[in-house]
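Chemist: Okay, here's what each chain looks like letter by letter:
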Amino acid sequence: MKFERFGRLFVAIATSAVLVCAALLNTACEKRDTQGGPTGQSDAGLPKEIKVGIYMPMTGPTATFGTSSVHGFQMAADELNAAGGINGSMVKLIVEDDQGKPDEAKTVVTKLISKDQVVAVLGEVGSSRSIAAAPICQQNKVPMLTPSSTNEEVTKKGDYIFRVCYIDPFQGEVGARFAFETLKFKKAAILTDIKNDYSVGLSKTFKEAFTKMGGQIVVEQTYQEGDTNFNAQLTGIRAANPEFIYAPGYYTDIGQIAKQARELGIKNEVPLIGGDGWDSPKLWEGGKEALNGCFFSNHYSISDPSEHVQKFIKSFQEKYKGETPDALAALAYDGAKVLFDAMKRANSVKGDKVRDELAKTQSYKGVTGLISINKDRNAVKSAVILEVRDGKYVYKDTIAPPGMTAEKPAAAEAPKTAEEPKKEAAAK
Amino acid sequence: MLQTFIQQIINGLALGSIYALIALGYTMVYGVLRLINFAHGDVYMIGAFVGYYAAQKFGIASASGQISFGGALILMMTAMMASASLGVVIERFAYRPVRKYPRLTSLITAIGVSLLLENGGQVLFGADPKFFPILNSAVTYTFGSVTVRLTDIIIVVVSVSLMVLLQTIVLKTKLGKAMRAVSYNLDAAKLMGINTDFIIAFTFALGSALAAAAGILVSLSFPKIDPLIGVLTGLKAFVAAVLGGIGNITGAVLGGFLIGIAETMAAGYLPQSLNSYKDAVAFAILILVLLFKPAGLMGSVAPEKV
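In the order they appear, the protein sequences are chains A and B. Numbering-wise, the first sequence is residues -10 to 417 according to the working numbering. Numbering-wise, the second sequence is residues 172 to 477 according to the working numbering.
Since the hints were made in silico from the structure, they are not lab data. Worth double-checking, as some hints may not be accurate.
Below, simulated SDA-like cross-link-like pairs (lysine to any residue); rule was C-alpha separation at most 25 Å, straight line [said to hold, decoys possible]:
| no. | chain 1 | residue 1 | chain 2 | residue 2 |
| --- | --- | --- | --- | --- |
| 1 | B | K301 | A | T48 |
| 2 | A | K256 | B | A298 |
| 3 | A | K256 | B | G236 |
| 4 | A | K271 | B | M248 |
| 5 | A | K310 | B | A234 |
| 6 | A | K196 | B | Y448 |
| 7 | A | K277 | B | A298 |
| 8 | A | K256 | B | F314 |
| 9 | A | K271 | B | M172 |
| 10 | A | K95 | B | V452 |
| 11 | B | K301 | B | F314 |
| 12 | A | K196 | B | A298 |
| 13 | A | K146 | A | K175 |
| 14 | A | K256 | B | L287 |
One side only, chain B facing chain A, incomplete, derived with CB under 8 Å [unchecked claim]:
| no. | residue |
| --- | --- |
| 15 | Q178 |
| 16 | S256 |
| 17 | V260 |
| 18 | E289 |
| 19 | R320 |
All C-beta atoms, glycine included, are put in the ideal place defined by N, C-alpha and C.
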């Protein structure tokens, strides 16, 4: 009898294990349907098929980051291939899911490089993941370009690591300058996701910039991604009576934070201000009206009237059934195009040659602004400030890096005064 | 200052009542079976998801994601029934086959079931967070600068009444008497004509229904749900159960409130550089209690049967 029971249990476990494996395999196959056969890679010239690896969080708490980015990459690749590819060679994208976990990112990037033999790697959004995977690309001398990881550390991992977005010191400064100069706020509270490199970095640089300008940090609180109850921290913030709360976390938590803040009696007049980690359609779902009047710094605005931006938005919506591209999709699109452009100029897929050409990228006209790669392999560009208003992200301001003047969209020259900080920018 | 303190106490009670509600399930299963059901936190998660999908299926939630009291009650009933069935299935297929082996076997099986539910949940529901509908009459009461949310009051009231109900079932009914008999000695209970398999299945059904009730109540209050919400919450509820004296129903509720208040105070009053350690507080308290009072605050020292 004992053995019989054991046997049945074993069968049950084995069956479930097989089912789970089958399910995993199935999804893996679906993801890899863009994969082709092995490529013959010669020293000179381009192979017939250029394989580019992508690692993104296709599942997990930040899944919308991954979906948006892959849409952007795919659109850039499809447009390129339709126009004849890179000097006649077609680009194939191989997408791997890292589930938003740094360890998983290492695993899938190793697989992309060793098994799929990709010639370049695109990814990730989350800085923690990019930091984990960058050393692997560096070691194998495979150029890695992250479209949207803003933490400073990412490109410090080696000279094969690039990005097409600005970095956190600048983004933190943008938040501080916007609050201090545009909104005329002097008293800030900071609420950081302590487990998140991105959030910690942004809070740090915000604090430095804001206090340097003469502002005051009245209270600092922390939470961890996945927390659902922020009442303790918010009660502390309420007691310190700040004019705004700098909360550079991810969209998954911000909605809840805003909601609980309002329930505790922190009114909408005390806005939350954050960074590009807020940028997701799901942000609004989590917080709704509690988010009205909050601001975040971002990479581009869909109300930018420039022709190439509007063209991008239009073709994106046609391709993805009316989905409006968020900043991550736009950055991914730009990132992929910058990479393809470098390959075209190099007329090679050899790591060092592509690397050299990537480093030479100057004033590339992207959807997210002019992209110039500096000596630290970071892009130098302006940030936009968006205001959350009834489920829409309305353009509010453009803030340029020091020494550059902001090229503000003409449609958005709305008066912005401290007396009416909630006034919507006149977006046409 | 005082008002902030009172507010933090209220925040702590609200958080603690959640732990208390989940701790009840842990403590009851342990009380009867001497089994720590590590999958309990995940049954709580399943309960929340059943409610989420039921709200969509039945069309209870309005377009803006709000539900009425009646709607919430229907969700709670559905989730409790679904989770109770799940509890019975888990007991039948995971725990019963290993019941006669050493206790460690069941413990490892429980961890396995927990992992299965967490990862199965990610496959089934997707890992990205979902937002549970909220009560359309979710009001807050304000006294000076102290605010109390109606949903928090509901959770406190429900967890205390469930505690009383459980006490009554265990101490006053025939079924409860059978449960206590099974807890005392399984073989002897069997010899006395008690259908032990049924009693154990019933215990699991009851515990899982409690977890589902907690899942719905918590989701009404903190609407963000994902397949891993049961992990840390379940662990802290387990700590609460041990703190109060595992197996003791009143102790579980007391432990839940203590852990909730301690965690909130840690987040609110520890210096800036330390307040990210709030999650560690629950575990530090557990270690201290186990050092000085190994049976927990209200637990009785039971001599090990040999």
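Chemist: Does the closest beta carbon of chain A sit nearer than 8 Å to the beta carbon of B/R320?
Modeler: 6 Å, holds
Chemist: Holds or violated: B/K301 with B/F314, Cα cutoff 25 Å?
Modeler: 33 Å, violated
Chemist: For the pair supplied as a hint, B/K301 and A/T48, confirm whether the alpha-carbon distance does not exceed 25 Å.
Modeler: Status holds; Cα separation ~13 Å.
Chemist: Compare the distance between the alpha carbons of A/K196 and B/A298 with 25 Å, and conclude whether the hinted pair is satisfied.
Modeler: 33 Å, violated
Chemist: Check whether the Cα positions of A/K196 and B/Y448 lie no farther apart than 25 Å.
Modeler: 22 Å, holds
Chemist: Taken at face value, is the distance from the CA of B/A298 to the CA of A/K277 at most 25 Å?
Modeler: This hinted pair holds, its Cα atoms lying about 22 Å apart.
Chemist: For the restraint on B/Q178, tell me whether the closest CB of chain A is nearer than 8 Å.
Modeler: Since the shortest Cβ distance to chain A is 5 Å, the answer is holds.
Chemist: Given the hinted pair A/K256 and B/F314, is their alpha-carbon gap at most 25 Å?
Modeler: Cα-Cα ~16 Å, so holds.
Chemist: Hint B/V260 vs chain A: min CB-CB distance below 8 Å?
Modeler: Hint violated; B/V260 Cβ to chain A Cβ min 11 Å, cut 8 Å.
Chemist: Straight-line Cα separation of A/K310 and B/A234 no greater than 25 Å?
Modeler: 22 Å, holds
Chemist: Need the status of pair A/K256, B/L287: alpha-carbon distance at most 25 Å?
Modeler: Judged against 25 Å, a Cα distance of about 43 Å means the pair is violated.
Chemist: Have a go at the B/S256 hint: is there a Cβ in chain A nearer than 8 Å to its own Cβ?
Modeler: It is violated, given that the least Cβ distance between B/S256 and chain A is near 18 Å, above 8 Å.
When held up to the earlier numbered hints, the structure conflicts with 2, 4, 9, 10, 11, 12, 13, 14, 16, 17 and 18 and fits the remainder.
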